[in-house]
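Below, each chain spelled out in residue letters.
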Amino acid sequence: MTWFNRLASPKLTLVVLGLLGAGVLLVYPGEVRSDWALTVPLTLLAINLACAVATNPVFRQQSALLAFHLALLAIVAFAAAGRLTYLKGELELAEGEVFEGTLTRHESGPWHRSQLARARFANDGYTIRYEKGVRRAETRNAVRWLDDTGRERHAVIGDNEPLVRHGYRFYASFNKGFAPVFMWHPAGGAPQRGTINLPTYPIHEFRQALEWTIPGTQTTLWTMLQFDEVLLDPEQVSRFRLPERHTLVIRIGDMRHELAPGARLALPQGVLVYERLGTWMGYTVFYDWTLPWLFVACMLAVTSLAWHFWKKFAAQPWDR
Amino acid sequence: MATELQLLWMALLLYTLAGSTAIGATVLATRFERVILAMILAGLAAHALSLGMRWERLGHGPFITMFEILSSNVWSLLLIYAFAYWRAPAVRPGAAVVMPILLVMMAWSLVTSPAAGHYPPTYRTPWLYVHVLFGKIFLGAVLIAVGIAGLILLRRAGVRVARLTQLPDAGRLENLAFRFMALGFIFETLMLIAGAIWAQDAWGRYWAWDPLETWAFATWLALACFIHLRVTVRLEPHYSAAVIIAVFVLAFLTFFGVPFVSTAPHKGAV
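Line by line, the protein sequences are chains C and F. Residue numbers for the first sequence follow the working numbering, so the first one is 287 and each next one is one higher. Residue numbers for the second sequence follow the working numbering, so the first one is 39 and each next one is one higher.
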């Protein structure tokens with residue numbers, strides 16, 4: 287028996303499937319880095335399958351079985367290509383803000399070439415319904431972007447409906463909250479508008495505070511949103527909304543200020559104007575160009591397997 | 039809610055009668071097959087009414103709580119089993135093995151709370167129905183194979199009740215069980231594909247090795263191993279029967295054990 291035949295052995299397939307099972311069970315509790323525990327058995331399986339297809343005459347006699355095994359090989363190849371080129375990340379956009387390609391957190395395959403800057407879109411606000419007990423129901427997020435011809439496009443994304451731009455799939459997440467909007471007028475400089483995204487609401491309902499630094503200065507502000515209303519009543523169906531009355535507490539060193547919308551705060555480096563309270567939305571982004579090809583390979587695998595068994599079982603009735 | 043539960047109890051009573059008759063018929067070598075099928079069908083009708091009324095009252099299908107998952111699976115497994123029972127006479131003696139398994143599930147459902155659960159927004163997709171349908175057909179096919187495998191093992195263990203001695207030889211029984219396992223393999227593959235499509239839209243990833251995904255894939259691997267083992271090693275029927283039961287145990291734990299111990303995945307985000 288040549289080494290090629292040994293690699294094509296159906297008994298080796300059983301061993302490799304066992305190794306894959308062991309790899310899965312190692313990955314599951316997070317004991318081992320998933321890359322190696324799964325990559326090694328999957329590579330062995332691909333080699334075993336390829337050798338078997340090349341040498342085993344049964345594949346030349348049974349075309350459906352051949353199609354099934356080739357589809358399995360394609361699935362392994364696409365899954366590997368996907369892991370090398372994927373991107374998974376997170377971003378936050380205040381209402382009206384445009385995504386320019388910067389992620390707050392991300393991981394990607396070594397061969398991922400970012401096209402995120404082309405996937406610009408704006409967050410036009412959202413509605414979220416809550417059932418009794420503050421259980422999140424539907425999320426509807428209006429988004430806007432310019433297509434390749436320069437035409438403005440609008441869509442509403444949310445549960446089960448991502449925005450797909452240049453292969454990147456953007457999902458509105460459960461991560462969202464309040465965002466005070468400021469205008470900073472530096473002494474002798476051009477004014478700048480900015481927002482700060484307070485911690486996620488309602489998960490961090492009692493921690494609506496954040497420390498931040500005014501752009502171009504060393505001044506650090508501690509900002510807290512204060513309101514008395516119950517926005518999401520556990521006893522009834524409700525919607526995420528802004529409080530009707532609120533104040534923004536600003537602390538700079540030992541100084542404490544309470545700002546209402548439109549209030550101005552004079553500082554040595556300029557004037558800070560608190561314009562209004564808005565919202566922000568958190569998104570997850572996912573990129574994997576292999577998705578449609580994986581789907582085609584999976585459907586080919588299952589169809590050819592069904593065809594193979596159909597031919598095999600049709601020869602003898604099931605009722606005997 | 040009272041009518042729903044009364045109908046459910048009525049269904050459970052009919053299933054229990056059908057199961058007891060099936061066991062009695064196997065021991066006594068009598069043929070009450072039409073009576074057993076009629077009782078199963080009457081139970082299914084009452085059960086369907088109970089599930090339908092709950093669906094109407096809550097505004098969503100029985101996919102959330104353990105009570106709903108167990109109840110709907112008892113219904114769907116019995117529906118699939120009743121179809122096979124009607125169309126393939128060779129699987130009928132297996133009712134003596136299958137019905138006790140379903141009775142355990144019924145008993146389990148009775149000790150769980152029938153209270154409503156939260157229906158997550160990620161469940162509002164047609165892919166949920168496609169995924170669940172394929173999953174139910176998969177488990178139903180494997181359950182039919184388990185009925186046949188149980189007969190092979192009972193006979194091998196020396197249980198000499200009359201009906202078992204009248205059955206075809208172990209090789210033919212095992213061949214029939216293998217057909218249902220092959221059918222189960224196809225539908226489990228479809229279930230995983232539909233689940234991956236749903237997960238991509240619902241959670242922004244098609245696969246993340248969450249507990250349900252991991253154990254569903256482990257079950258798929260076990261089924262693939264069984265099919266490959268049977269083709270390459272040509273197992274003795276009783277070994278094959280033992281592997282079929284092992285695969286079913288794994289699938290059963292995946293369906294009903296993992297959601298029971300893990301609340302995080304497949305429940306939608308907060």
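To be clear, the hints were calculated from the coordinates, so they are not data collected in a lab. Keep in mind that this is a model prediction, so the values were computed, not measured. Think of the CB as a built atom: it goes at the ideal place given N, C-alpha and C, for glycine as much as any other residue. Errors might be hidden in some of the hints.
[To be verified] Within a straight-line C-alpha distance of at most 25 Å, the following computed SDA-like cross-link-like pairs (lysine to any residue) qualify:
1. 598/C - 93/F
2. 597/C - 93/F
3. 418/C - 93/F
4. 374/C - 397/C
5. 297/C - 150/F
6. 598/C - 295/F
7. 374/C - 459/C
8. 374/C - 232/F
9. 418/C - 98/F
10. 374/C - 336/C
11. 418/C - 281/F
12. 297/C - 124/F
13. 297/C - 312/C
14. 598/C - 281/F
15. 598/C - 203/F
16. 297/C - 280/F
17. 597/C - 150/F
18. 598/C - 210/F
19. 174/F - 398/C
20. 597/C - 201/F
21. 374/C - 280/F
22. 297/C - 117/F
23. 174/F - 418/C
24. 297/C - 93/F
25. 597/C - 235/F
26. 297/C - 245/F
27. 297/C - 232/F
[As the list claims (entries may be wrong)] Residues of chain C clear of chain F, computed beta-carbon distances all greater than 12 Å:
28. 307
29. 322
30. 365
31. 381
32. 439
33. 448
34. 545
35. 602
Taking the hints in turn, this is what the structure says about them:
| no. | hint | verdict |
| --- | --- | --- |
| 1 | 598/C - 93/F | violated, 40 Å |
| 2 | 597/C - 93/F | violated, 40 Å |
| 3 | 418/C - 93/F | holds, 19 Å |
| 4 | 374/C - 397/C | holds, 13 Å |
| 5 | 297/C - 150/F | violated, 45 Å |
| 6 | 598/C - 295/F | violated, 34 Å |
| 7 | 374/C - 459/C | holds, 13 Å |
| 8 | 374/C - 232/F | holds, 21 Å |
| 9 | 418/C - 98/F | holds, 16 Å |
| 10 | 374/C - 336/C | violated, 31 Å |
| 11 | 418/C - 281/F | violated, 47 Å |
| 12 | 297/C - 124/F | violated, 38 Å |
| 13 | 297/C - 312/C | holds, 23 Å |
| 14 | 598/C - 281/F | holds, 22 Å |
| 15 | 598/C - 203/F | violated, 29 Å |
| 16 | 297/C - 280/F | holds, 20 Å |
| 17 | 597/C - 150/F | violated, 44 Å |
| 18 | 598/C - 210/F | holds, 15 Å |
| 19 | 174/F - 398/C | violated, 39 Å |
| 20 | 597/C - 201/F | violated, 32 Å |
| 21 | 374/C - 280/F | violated, 43 Å |
| 22 | 297/C - 117/F | violated, 38 Å |
| 23 | 174/F - 418/C | violated, 31 Å |
| 24 | 297/C - 93/F | violated, 49 Å |
| 25 | 597/C - 235/F | violated, 29 Å |
| 26 | 297/C - 245/F | violated, 29 Å |
| 27 | 297/C - 232/F | violated, 31 Å |
| 28 | 307 | violated, 5 Å |
| 29 | 322 | holds, 14 Å |
| 30 | 365 | violated, 9 Å |
| 31 | 381 | holds, 21 Å |
| 32 | 439 | holds, 20 Å |
| 33 | 448 | violated, 7 Å |
| 34 | 545 | holds, 31 Å |
| 35 | 602 | violated, 8 Å |
The structure does not agree with the numbered hints 1, 2, 5, 6, 10, 11, 12, 15, 17, 19, 20, 21, 22, 23, 24, 25, 26, 27, 28, 30, 33, 35 stated previously, though it agrees with the rest.
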